[in-house]
Amino acid sequence: AKNDALPAFDIIVSNPPYIPLREKSNMQSQVTEHEPEIALFVSDHFPLLFYSKIAHIGKSALKPKGQLFFEIHYDQGNAIMALLHEMGYHAELRQDIYGKDRMVRASLKN
Numbered sequence: 001a002k003n004d005a006l007p008a009f010d011i012i013v014s015n016p017p018y019i020p021l022r023e024k025s026n027m028q029s030q031v032t033e034h035e036p037e038i039a040l041f042v043s044d045h046f047p048l049l050f051y052s053k054i055a056h057i058g059k060s061a062l063k064p065k066g067q068l069f070f071e072i073h074y075d076q077g078n079a080i081m082a083l084l085h086e087m088g089y090h091a092e093l094r095q096d097i098y099g100k101d102r103m104v105r106a107s108l109k110n
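Taking this note's numbering, the leading residue of the sequence shown gets 1, the next gets one more, and so forth.
A few of these clues could be false.
[Stated by the list, open to error] Distance condition first, Cα-Cα at most 30 Å in a straight line; then the derived DSSO-like pairs of lysine-lysine: (1) Lys65 - Lys109; (2) Lys109 - Lys53; (3) Lys100 - Lys59; (4) Lys24 - Lys100; (5) Lys53 - Lys24; (6) Lys59 - Lys109; (7) Lys65 - Lys24; (8) Lys63 - Lys109; (9) Lys63 - Lys53; (10) Lys24 - Lys63; (11) Lys65 - Lys53.
[Said to hold, decoys possible] Quick list of the computed label-pair ranges, beta carbon to beta carbon: (12) Leu93 - Arg22: 22 to 28 Å; (13) Lys63 - Ser25: 41 to 47 Å; (14) Lys63 - Ile97: 27 to 33 Å; (15) Ser25 - His85: 20 to 26 Å; (16) Lys24 - Gly66: 31 to 37 Å; (17) Gln28 - Arg105: 27 to 33 Å; (18) Gln28 - Ala79: 31 to 37 Å.
Rather than coming from a laboratory, the hints here were simulated on the basis of the structure. Nothing here was measured: the structure is a model prediction, and the numbers come from that model. Glycine included, C-beta positions come from ideal geometry on N, C-alpha and C.
Please model the complete structure; the sequences and the hints are all you need to start from.
Next up, the structure:
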C-alpha cells in the first residue's frame, strides 16, 4: 500500500522486534519458548530496520504535530536518535526504572 493512502495520525506507537538475533542464546527460556521469534528478534546486520521503516511512513502519515513512540533495546538509543535526526525528526530518549534507555518519542521538525 502506498503511504499516501494512509489517514493522518496524531500518534504512532510501536514495540517492534528489537532484540539482536545474536542475543537469543542468552535469553530466558520462558521468553523464547512462549513468544514468536518474529516478534522478538531482528537481524544483527540491520537492527534499526523497523524504526527506519516506521519513521519513513510517519513522515507522510503523521499530522503536523503528530508523534512517534517506540520501545527500544537498551543499547540502541543513540543509533535510533541519530537515525531519527537524519530523517528530520526531533527525538527524545527516555529511560526505564533501571536507568536503561527504553523509549523514544519523536516528532517531525517544523
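Discussion item. To test your reading of the hints: which numbers does this structure violate?
Written reply: As far as the earlier hints go, 7, 10, 15, 18 are violated by this structure, in ascending order.
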